[in-house]
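**Q** Based on the provided sequences and hints, a complete structural model is requested.
Protein chains: 2
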Amino acid sequence: MRDDYVHGYSEEEANRLKDQANTLANLMHDDTKYPADSLVLEAGCGVGAQTIMLAKNSPQAHITSIDISQESIKQARDLIEKNGFKNVEFQTADLFNLPFEDESFDHVFVCFVLEHLQDPIAALKSLKRVLKKGGSITVIEGDHGSCYFYPETKEAVKAWNCLIECQTGFDCNPMIGREIYPLLKNSGFKDVQVTPKIVYVDSSKPELVEGFNKKTIIAMVEGVKDQAIASGLIDAESWEKGIKDLYKTTEPDGVFFYNFFKGKGIK
Amino acid sequence: MRDDYVHGYSEEEANRLKDQANTLANLMHDDTKYPADSLVLEAGCGVGAQTIMLAKNSPQAHITSIDISQESIKQARDLIEKNGFKNVEFQTADLFNLPFEDESFDHVFVCFVLEHLQDPIAALKSLKRVLKKGGSITVIEGDHGSCYFYPETKEAVKAWNCLIECQTGFDCNPMIGREIYPLLKNSGFKDVQVTPKIVYVDSSKPELVEGFNKKTIIAMVEGVKDQAIASGLIDAESWEKGIKDLYKTTEPDGVFFYNFFKGKGIK
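Going down the list, the protein sequences come from chains H and L. Using the working numbering, the final residue of the first sequence is 268, and nothing's skipped along the way. Using the working numbering, the final residue of the second sequence is 268, and nothing's skipped along the way.
Keep in mind that the hints were calculated from the coordinates and are not lab data. Watch out, some of these pointers could steer you wrong.
No distinction is drawn between identical chains; accordingly, a pair holds when it is met within one copy or between any pair of copies.
Here are the simulated DSS-like cross-link-like pairs (lysine-lysine), alpha carbons at most 25 Å apart as the crow flies [said to hold, decoys possible]: (1) Lys-186 - Lys-206; (2) Lys-133 - Lys-75; (3) Lys-191 - Lys-206; (4) Lys-206 - Lys-265; (5) Lys-34 - Lys-129; (6) Lys-245 - Lys-186; (7) Lys-191 - Lys-249; (8) Lys-83 - Lys-159; (9) Lys-249 - Lys-34; (10) Lys-198 - Lys-265; (11) Lys-198 - Lys-57; (12) Lys-83 - Lys-186; (13) Lys-186 - Lys-265; (14) Lys-265 - Lys-249; (15) Lys-34 - Lys-226; (16) Lys-268 - Lys-206; (17) Lys-226 - Lys-215; (18) Lys-242 - Lys-215; (19) Lys-215 - Lys-129; (20) Lys-186 - Lys-249; (21) Lys-215 - Lys-186.
Small disclaimer: the values here were computed from a predicted structure and weren't measured.
**A** Here it is, written out as structure tokens:
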């Protein structure tokens with residue numbers, strides 16, 4: 002994981018993550034509601050895009066949200082305060098060296114974090130240490146290999162693949178979603194259940210065309226333009242056509258498909 | 002569409018389709034139940050793999066199932082009789098030249114048919130002619146571009162892509178699933194709604210590992226072996242490794258994902 006990549010360091014990136022969180026909030030979070038007085042650890046909260054949903058859906062739980070970046074913690078704290086939630090404490094902490102006693106938490110929540118780690122099993126084992134026996138871990142990740150669209154052109158696929166290659170180049174695994182089941186099993190969790198969370202968008206869903214296709218997916222691809230061209234993954238002309246073609250998926254005949262995975266396991 | 006390709010001409014292929022229908026029946030059909038006395042046209046029934054589900058889920062509807070192949074109709078009729086259903090009539094007929102008056106049916110059902118047609122919009126318009134105003138059309142298709150798995154190796158992806166290329170070579174469109182929304186809209190249907198039907202398989206679902214990964218997906222890939230090697234799409238050694246690697250998706254750490262689409266429109 003390189004510091005110049007991790008989500009949340011630019012204002013633009015922070016806005017993208019908030020847009021994404023708003024549009025996809027129900028899809029991701031509706032089945033995660035922690036009981037009153039339960040102690041919940043959110044690991045890798047970033048700028049708080051998911052924290053706000055956790056705080057909202059589990060108003061009487063005590064949430065501790067950590068991130069390795071002090072700057073992200075500051076933004077997340079501002080966001081939560083601005084929205085009037087009182088059930089979250091923030092702390093700068095390293096996932097691999099957690100400043101908590103064994104079995105400190107009833108539940109652990111990790112969203113869009115494992116994709117950035119070179120050793121996700123070590124991270125899951127570290128989280129398992131601070132989880133009480135019988136407590137749950139919830140993991141959410143995307144899978145960039147799940148993405149397809151209509152119309153599909155060679156250049157649009159190439160632009161999309163630039164995103165995958167750029168993220169992989171930063172020691173990330175943008176296709177980790179499909180691995181949640183074996184990762185949780187191989188970290189020693191039991192009763193593992195993984196559910197695909199599907200984003201299917203056609204023009205009958207204009208709010209998703211806007212919030213997902215344009216503001217999340219294409220914005221994310223556009224974010225690697227300079228890097229993709231500079232590193233020779235694609236030439237400038239193909240890039241322009243690729244992006245233009247991706248925008249065709251937002252027209253009346255367009256269709257877009259992406260798949261997140263949500264997994265739950267018990268210690 | 003070439004006669005030597007269409008599903009259902011070999012016994013092995015017929016068995017594959019029945020296995021597939023059994024495993025996926027609930028996923029595909031549970032939300033299609035036609036009312037008593039309604040007149041339903043099933044277009045392209047093949048050997049009856051879907052007919053049997055229609056007959057079961059809509060016991061009081063009058064179903065007319067057609068196919069262009071007399072041999073398939075014979076097999077479908079045998080299957081339906083053997084299972085004791087009395088609510089289906091069979092007829093050999095051409096989808097593009099239907100032997101029915103305008104507005105003869107209350108509902109039309111088309112499953113795994115459009116993928117084989119060079120002009121799916123012409124087919125949908127032909128079906129629209131025999132549908133009553135206000136009646137529904139239901140379309141189900143797979144999308145081979147939706148498939149991904151873990152572990153993923155170069156050879157496994159290559160073997161899977163051989164299936165796509167072989168089917169495309171027969172003037173089929175194995176990635177038509179994503180197009181159901183524009184196809185129905187552009188054929189003049191209204192209130193079009195498309196729902197992805199997800200098959201996510203990990204080792205917590207042994208019946209799907211068996212019925213879907215092995216008996217449906219890998220069996221389908223294995224079916225194009227001779228053609229793929231003969232046409233130079235892949236060498237024999239890569240093929241063997243690819244198939245072996247696909248079987249790794251059926252082991253305890255394996256994961257498999259495939260996506261069907263079900264669309265409904267109103268005349």
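**Q** Decide, hint by hint, whether the structure agrees.
**A** These are the hints, each one checked on the structure:
no.: 1; hint: Lys-186 - Lys-206; result: between (36 Å within a copy, 14 Å between copies)
no.: 2; hint: Lys-133 - Lys-75; result: neither (28 Å within a copy, 62 Å between copies)
no.: 3; hint: Lys-191 - Lys-206; result: between (38 Å within a copy, 15 Å between copies)
no.: 4; hint: Lys-206 - Lys-265; result: between (29 Å within a copy, 15 Å between copies)
no.: 5; hint: Lys-34 - Lys-129; result: within (20 Å within a copy, 46 Å between copies)
no.: 6; hint: Lys-245 - Lys-186; result: between (42 Å within a copy, 23 Å between copies)
no.: 7; hint: Lys-191 - Lys-249; result: between (44 Å within a copy, 22 Å between copies)
no.: 8; hint: Lys-83 - Lys-159; result: neither (40 Å within a copy, 51 Å between copies)
no.: 9; hint: Lys-249 - Lys-34; result: neither (38 Å within a copy, 35 Å between copies)
no.: 10; hint: Lys-198 - Lys-265; result: both (13 Å within a copy, 22 Å between copies)
no.: 11; hint: Lys-198 - Lys-57; result: within (20 Å within a copy, 30 Å between copies)
no.: 12; hint: Lys-83 - Lys-186; result: neither (38 Å within a copy, 44 Å between copies)
no.: 13; hint: Lys-186 - Lys-265; result: within (10 Å within a copy, 39 Å between copies)
no.: 14; hint: Lys-265 - Lys-249; result: between (36 Å within a copy, 23 Å between copies)
no.: 15; hint: Lys-34 - Lys-226; result: neither (38 Å within a copy, 49 Å between copies)
no.: 16; hint: Lys-268 - Lys-206; result: between (39 Å within a copy, 21 Å between copies)
no.: 17; hint: Lys-226 - Lys-215; result: within (15 Å within a copy, 40 Å between copies)
no.: 18; hint: Lys-242 - Lys-215; result: within (16 Å within a copy, 39 Å between copies)
no.: 19; hint: Lys-215 - Lys-129; result: neither (37 Å within a copy, 34 Å between copies)
no.: 20; hint: Lys-186 - Lys-249; result: between (40 Å within a copy, 17 Å between copies)
no.: 21; hint: Lys-215 - Lys-186; result: between (35 Å within a copy, 22 Å between copies)
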